[in-house]
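Start from the sequences and build out the full structure, keeping to the hints where you can.
Quick note on this note's numbering: the sequence shown kicks off at 25 and runs consecutively.
Keep in mind the hints are simulated off the structure, nothing from the lab.
Certain hints may be false.
[What the hints assert, rightly or not] Label pairs and their calculated CB-CB ranges:
1) PRO71 / VAL188: 20 to 28 Å
2) PRO71 / PRO155: 21 to 29 Å
3) ARG32 / THR237: 54 to 62 Å
4) LEU302 / ALA185: 19 to 27 Å
Every residue, glycine too, gets a C-beta built ideally from N, C-alpha and C.
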Amino acid sequence: MDNTVTGRHDSDVLIAGAGPVGQVLALLLAQQGLRVSIVERWAQPYPLPRAVAIAHDTLRVLHQLGLGEELSPLLEPWGQDGQRFSFADSSGETLAESGYPLESDSGFALMSGFSQPDLEQLLEGRVQAEPLIEQYRGFSLEELSADGAGVTAVIQPHTGATLVRNGLPRTVRAAFAVGCDGANSTVRALAGLEMTDLGFDRDWLVVDVLPHTPPTWLPYACQRLGPARPTTLVPAGPGRRRWEFMIMPGDRQDDIDTDENAWQLLKPWEIHPGNADLVRHALYTFRARWADRWRDGRVVLAGDAAHQMPPFLAQGINSGIRDAASLAWRLSLLVAGKGKESLLDDYATERRVQVSQIVEATVAVGGLICLIDPEQAAERDAQLRKAGAQGTQQVLTDWTLSGGTLRDDGAGGKLGLQATVGTPGRTALLDDVLPPPGFVLIGRDRDPAALLSPAQRATWQRIGGRSVHFGPGGLTDAEGKYARWFDRLGTAVVLIRPDFQVFGGVPEPGDTGDLVDQLAGRVLVEDRKDVG
Numbered sequence: 025m026d027n028t029v030t031g032r033h034d035s036d037v038l039i040a041g042a043g044p045v046g047q048v049l050a051l052l053l054a055q056q057g058l059r060v061s062i063v064e065r066w067a068q069p070y071p072l073p074r075a076v077a078i079a080h081d082t083l084r085v086l087h088q089l090g091l092g093e094e095l096s097p098l099l100e101p102w103g104q105d106g107q108r109f110s111f112a113d114s115s116g117e118t119l120a121e122s123g124y125p126l127e128s129d130s131g132f133a134l135m136s137g138f139s140q141p142d143l144e145q146l147l148e149g150r151v152q153a154e155p156l157i158e159q160y161r162g163f164s165l166e167e168l169s170a171d172g173a174g175v176t177a178v179i180q181p182h183t184g185a186t187l188v189r190n191g192l193p194r195t196v197r198a199a200f201a202v203g204c205d206g207a208n209s210t211v212r213a214l215a216g217l218e219m220t221d222l223g224f225d226r227d228w229l230v231v232d233v234l235p236h237t238p239p240t241w242l243p244y245a246c247q248r249l250g251p252a253r254p255t256t257l258v259p260a261g262p263g264r265r266r267w268e269f270m271i272m273p274g275d276r277q278d279d280i281d282t283d284e285n286a287w288q289l290l291k292p293w294e295i296h297p298g299n300a301d302l303v304r305h306a307l308y309t310f311r312a313r314w315a316d317r318w319r320d321g322r323v324v325l326a327g328d329a330a331h332q333m334p335p336f337l338a339q340g341i342n343s344g345i346r347d348a349a350s351l352a353w354r355l356s357l358l359v360a361g362k363g364k365e366s367l368l369d370d371y372a373t374e375r376r377v378q379v380s381q382i383v384e385a386t387v388a389v390g391g392l393i394c395l396i397d398p399e400q401a402a403e404r405d406a407q408l409r410k411a412g413a414q415g416t417q418q419v420l421t422d423w424t425l426s427g428g429t430l431r432d433d434g435a436g437g438k439l440g441l442q443a444t445v446g447t448p449g450r451t452a453l454l455d456d457v458l459p460p461p462g463f464v465l466i467g468r469d470r471d472p473a474a475l476l477s478p479a480q481r482a483t484w485q486r487i488g489g490r491s492v493h494f495g496p497g498g499l500t501d502a503e504g505k506y507a508r509w510f511d512r513l514g515t516a517v518v519l520i521r522p523d524f525q526v527f528g529g530v531p532e533p534g535d536t537g538d539l540v541d542q543l544a545g546r547v548l549v550e551d552r553k554d555v556g
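Next up, the structure:
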């Protein structure tokens with residue numbers, strides 16, 4: 025693959041799929057000056073709820089896009105007012121509880137409930153207003169081919185359900201193509217990319233409800249376990265609740281996905297047409313799989329096109345947004361002619377390793393939740409009851425990266441910290457003081473950029489790097505969190521990537537140049553101005 029973008033392109037990146045992952049990726053790319061084309065067969069965003077839980081690191085990415093003020097009132101932080109997630113047996117007895125902290129390393133609540141249509145409406149508005157993004161809504165991707173300089177897509181008018189009769193096809197040319205087109209990805213199929221499937225297939229009925237008044241008699245969030253019908257109840261954004269009911273042996277397929285059945289399943293929870301509106305019900309098959317290869321040359325996968333997982337750890341959409349953040353800065357360097365082709369291999373390695381860990385952990389939890397054998401369920405309940413006797417457990421939702429564009433130094437692969445910092449006359453989160461995107465050197469007590477040699481400083485400028493530090497002439501560690509973070513990592517300087525992941529860290533400030541040299545060696549092609 026040529027390292028520079030040559031030839032005439034309609035855009036730098038073609039994205040198939042205008043769901044949250046595709047739109048976030050498009051906005052991140054446009055933020056870095058890239059031209060983007062989005063192909064989406066549906067004319068309008070999907071109007072009904074799907075994902076209902078958004079993680080802290082996803083919120084940081086959305087705040088990077090300027091959605092903070094609009095998004096905040098649409099969120100319901102899990103764990104507010106000391107609320108907990110409970111595990112209960114079939115009789116309703118609480119076996120154990122988990123807590124969701126309202127703080128995280130990203131500066132936001134660890135997990136928040138939301139309604140996906142609300143988010144998609146915000147994203148759609150930003151996409152439509154962005155002059156660097158062109159949307160082909162109402163078009164389906166029919167053909168995709170690649171050469172050494174780019175990709176060529178043939179798209180055709182589509183109703184969302186079928187091709188438009190006698191619709192005229194169009195050709196779109198781009199440097200790269202990204203499949204964000206869901207579990208049944210056309211891009212994945214056209215590229216011939218296979219999936220690893222863990223064989224976890226479970227049918228569940230998902231029911232979204234809008235209570236007329238706060239349902240104070242309900243648990244805040246609950247997993248009701250078998251051997252009776254396993255049931256999940258979670259907050260789904262302000263004023264909204266979601267139930268998920270496992271389909272049991274003996275259920276009649278024709279009777280499952282109906283209003284009548286949904287109300288019948290809600291009846292034991294004292295939810296009925298007199299006190300709530302039924303927003304929707306849908307039958308889902310929860311699956312666990314990921315792509316063996318995430319790229320084929322200039323064609324790359326992200327989101328559900330690359331992985332699907334059951335919802336038990338609420339990591340589906342969040343993993344997709346992590347894909348987008350991880351991919352955006354790499355594509356930006358490649359389009360600029362600065363990045364190595366191996367950046368896309370590193371993306372695939374990092375994301376596949378992390379996603380496979382999340383999927384496997386989710387399947388392990390799902391195996392416990394879906395137990396309906398009475399003896400096995402009793403044994404599981406006893407174990408949970410024993411764990412519950414030790415007190416509330418904290419939920420682990422941070423997943424370290426490995427391989428890829430990282431230093432193997434104990435700090436690389438960790439999530440970069442965002443906490444409150446002080447500047448003269450102002451106290452704010454780090455991203456409000458040093459707006460992303462970009463590579464950042466953070467020094468514990470001195471400016472790391474001042475320790476670079478002239479050649480290293482030129483390299484750092486070429487990659488668009490910036491630096492901040494705490495102490496004299498720098499930021500104030502308003503809550504002491506950065507001091508504790510540096511202690512935890514055993515570092516004096518850390519290098520943060522544009523996706524907020526730590527590339528690596530060094531214990532001595534004088535070794536800062538090693539970080540820059542090693543980053544450059546991993547991501548940058550040789551600067552032609554330095555040749556000869």
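- At the C-beta level, are ARG32 and THR237 separated by a distance inside 54 to 62 Å? holds, 59 Å
Given a hint of 19 to 27 Å, does the C-beta separation of LEU302 and ALA185 actually sit inside it?
holds, 24 Å
Quick one: are PRO71 and VAL188 within 20 to 28 Å, going by C-beta?
holds, 21 Å
Practice task
Determine whether the Cβ-Cβ distance between PRO71 and PRO155 falls within the hinted range of 21 to 29 Å.
Solution key: holds, 27 Å
Checked against the numbered hints given earlier, the structure satisfies every one of them.
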